[in-house]
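Chemist: Okay, here's what each chain looks like letter by letter:
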Amino acid sequence: MTIAWYLAVSAIVFSLGAIGVMTRRNPLVVLLCLELMLNGGNLALVAFSRMWGDGDGQILAIVVLTVAACEVCIGLGLVVAIYRRRLPIDVDEMRELHG
Amino acid sequence: MSSVLFFIAAIGVLAGAIGVVVLRNPLYCVLALVVHLVALAVLFLLLRAEFVAAIQVVIYAGAVMVLYVFVVAYVGGEAETIGARLRSAGPTGAALRRAGVILAAALLVELLIALLGTGLSAIDGHGAGYTPGPQAYGTPAYIGKLLLTRFLLAFEIASFLLLIAAVGGVVLAGRSTGAVRDAGDAPARGDAPPALAVPPPPELRSAGSMAEGVGGSV
Numbered sequence: 307m308t309i310a311w312y313l314a315v316s317a318i319v320f321s322l323g324a325i326g327v328m329t330r331r332n333p334l335v336v337l338l339c340l341e342l343m344l345n346g347g348n349l350a351l352v353a354f355s356r357m358w359g360d361g362d363g364q365i366l367a368i369v370v371l372t373v374a375a376c377e378v379c380i381g382l383g384l385v386v387a388i389y390r391r392r393l394p395i396d397v398d399e400m401r402e403l404h405g
Numbered sequence: 149m150s151s152v153l154f155f156i157a158a159i160g161v162l163a164g165a166i167g168v169v170v171l172r173n174p175l176y177c178v179l180a181l182v183v184h185l186v187a188l189a190v191l192f193l194l195l196r197a198e199f200v201a202a203i204q205v206v207i208y209a210g211a212v213m214v215l216y217v218f219v220v221a222y223v224g225g226e227a228e229t230i231g232a233r234l235r236s237a238g239p240t241g242a243a244l245r246r247a248g249v250i251l252a253a254a255l256l257v258e259l260l261i262a263l264l265g266t267g268l269s270a271i272d273g274h275g276a277g278y279t280p281g282p283q284a285y286g287t288p289a290y291i292g293k294l295l296l297t298r299f300l301l302a303f304e305i306a307s308f309l310l311l312i313a314a315v316g317g318v319v320l321a322g323r324s325t326g327a328v329r330d331a332g333d334a335p336a337r338g339d340a341p342p343a344l345a346v347p348p349p350p351e352l353r354s355a356g357s358m359a360e361g362v363g364g365s366v
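Residue numbers (our numbering), protein chains in the order written: chain A, 307 to 405; chain B, 149 to 366.
Honestly, the hints are just simulated from the structure, not real lab data. We put the CB at the ideal spot given by N, CA and C, even for glycine. Mixed in with the good hints, there may be bad ones.
What the hints assert, rightly or not - Anything over 10 Å on all C-beta distances counts as not near chain A; from chain B, calculated:
no.	residue
1	V183
2	A243
3	G267
4	P280
5	G281
6	P282
As the list claims (entries may be wrong) - Footprint (simulated), chain A over chain B, 3 or more residues, beta carbon under 8 Å:
no.	stretch
7	158-164
8	305-316
Unchecked claim - Have a look at the derived ranges for each label pair, beta carbon to beta carbon:
no.	chain 1	residue 1	chain 2	residue 2	range
9	B	D272	A	E377	33 to 43 Å
10	A	D360	B	R246	37 to 47 Å
11	B	G210	A	V397	24 to 34 Å
12	B	G292	A	E377	22 to 32 Å
13	B	I159	A	P394	32 to 42 Å
14	A	V397	B	P282	42 to 52 Å
15	B	I305	A	R401	43 to 53 Å
16	B	A284	A	D396	44 to 54 Å
17	B	A270	A	R392	30 to 40 Å
18	A	V370	B	A270	16 to 26 Å
Excised from the complex, chain B in its bound form:
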């Protein structure tokens, strides 16, 4: 039973990953990544990492992917494929990209040799013993106890990192902060605009709808 579930989930993980790499439209790439993440959560469950699987689905496949879908619908982004890029990039670009694929294949071979050819005999086993219970391995109580005792420093550093990232996101994407301005028409700081001037309407590039996000193919 668990091996059947493993193969179904592993096929989902790999299909989602291949979809992210080869699909043409950025929105479809995001949806393929959602498939990948949900299948990966099943693998985590098979490894008895219940809490990690739960936050993988709730935070990653939920919140972060919604953010991605919003930005893809806002920015649009050009559809492109590896094949078209290889044909249109000229000889240097195509050669560089083929070299990238070859490098990644070499990386895969090296990783597989390193992981499967290791001297660790335990990777041929099914893992350490497991006794079910309210505080067993992988439950929220177990993870929370570890996070607040042994790994308290890592926990605090992660919270501080999140704070820095939130401030950085506001600085980078905010409209009226000093760091990033529209290229042309933004007045310099301290240079007040005329009192009753009506600003020109913004250039209507797109409405940000889902239909535009997928290139009008729905």
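Just chain A, with the same shape it has in the complex:
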């Protein structure tokens, strides 16, 4: 298959993730949809890397995986902290940043 097919799949996955981030209200699912957006970007990076035939895109994809792991760590830590404080697990209710 040509590179353009991979790029189309990555654009669709990115947009689906954007829909999820903007419409879901459970912070866990919002984090999952953020992962979808990162994966769409990763697929485009690897496809362009294949197109040029050098490894820069793959290195950047690995760095994106690392950043996604850090984001999961912090995000799930926040969700657990919200749960410990007996606050609602709902991004619509979590509008105030004061402690």
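Assemble chain B onto chain A, guided by the hints.
Modeler: Same frame as chain A, now just chain B:
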């Protein structure tokens, strides 16, 4: 052969992504994301990114998703759908969410125009030439050599970022650190509890079992 595999994997990727966005139960969302990630690893293999595909399966679909399943089982989380939310959110919330969907659709159109309407003639090809070998494009030896020579700074920064994230996770989720306390009953720092006081048993909210995680539907 490779185009058949591409369509199977692409259908898996898109089905997993749609599942994450529309499924009601957070645990099912996580499982749909696992399907998505494994199918995405097949796409990476088709693009000859063997090492990226391997760490995608081992780290992402393995370790990170296990962490997600643990937190979903611990926190539970309310089941909700886009449709129910649109109906119950009142006129403003529903309008905002419809606007979100329309915005994402516009984003998709824009991305497709930008990617497929580009002047790059190489996106209609099958990629650069590839000669198999122990140090060929995409193998662990190739990636490792790049990471430790040309991209050494990025490698070190990523390791430092992981360290910061680990410390941040401990600070955020740890029970007895100063940053986050239980809202009501935690004593202030330096205020020692009475010597022989028996703490009250914690409120039993859930046992954290898989059955509770999926809402008792198993």
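Chemist: The structure should be examined with respect to each hint, and the outcome stated for every one.
Modeler: A quick look at each hint next to the structure:
A cut-off of 10 Å between C-beta atoms confirms that V183 (chain B) is not in contact with chain A; the least separation is 12 Å. Every C-beta of chain A lies more than 10 Å from that of A243 (chain B), the closest at about 12 Å, which supports listing it as non-interface. Interface exclusion of G267 (chain B) from chain A stands, the closest Cβ pair being 13 Å apart, more than 10 Å. Chain A leaves P280 (chain B) outside its interface by the beta-carbon criterion, the shortest separation being 14 Å against a cut-off of 10 Å.
Against chain A, the non-interface label of G281 (chain B) holds: every CB pair exceeds 10 Å, the least being about 14 Å. Every Cβ of chain A is farther than 10 Å from the Cβ of P282 (chain B); the closest lies at roughly 15 Å, confirming the non-interface assignment. Requiring three or more residues with a Cβ within less than 8 Å of a Cβ of chain A, the coverage given for the stretch 158-164 of chain B holds, as 3 such residues are present. For the stretch 305-316 of chain B, the proposed coverage by chain A is satisfied: 7 residues have a C-beta within less than 8 Å of a C-beta in that chain, meeting the threshold of three.
The supplied range of 33 to 43 Å is met by D272 (chain B) and E377 (chain A), whose beta-carbon atoms lie about 35 Å from each other. The beta-carbon spacing between D360 (chain A) and R246 (chain B), approximately 43 Å, falls within the hinted interval of 37 to 47 Å. At roughly 28 Å, the beta-carbon separation of G210 (chain B) and V397 (chain A) lies within the given 24 to 34 Å, and the hint holds. Separation of G292 (chain B) from E377 (chain A) is about 25 Å and conforms to the stated range, judged on CB atoms against 22 to 32 Å.
A beta carbon spacing of about 36 Å between I159 (chain B) and P394 (chain A) agrees with the range 32 to 42 Å that was offered as a hint. Checked against the hint of 42 to 52 Å, the pair V397 (chain A) and P282 (chain B) passes, with Cβ atoms roughly 49 Å apart. Distance hint check: the CB atoms of I305 (chain B) and R401 (chain A) are about 33 Å apart, inconsistent with the given range 43 to 53 Å. For A284 (chain B) and D396 (chain A), the Cβ-Cβ distance of about 49 Å falls inside the hinted range of 44 to 54 Å, so the restraint holds.
In this structure the hint that A270 (chain B) and R392 (chain A) lie 30 to 40 Å apart at CB is violated, the actual value being about 55 Å. Separated by about 22 Å at the C-beta atoms, V370 (chain A) and A270 (chain B) satisfy the suggested range of 16 to 26 Å.
Hints 15 and 17 from the list above are not met by this structure, while the remaining hints are.
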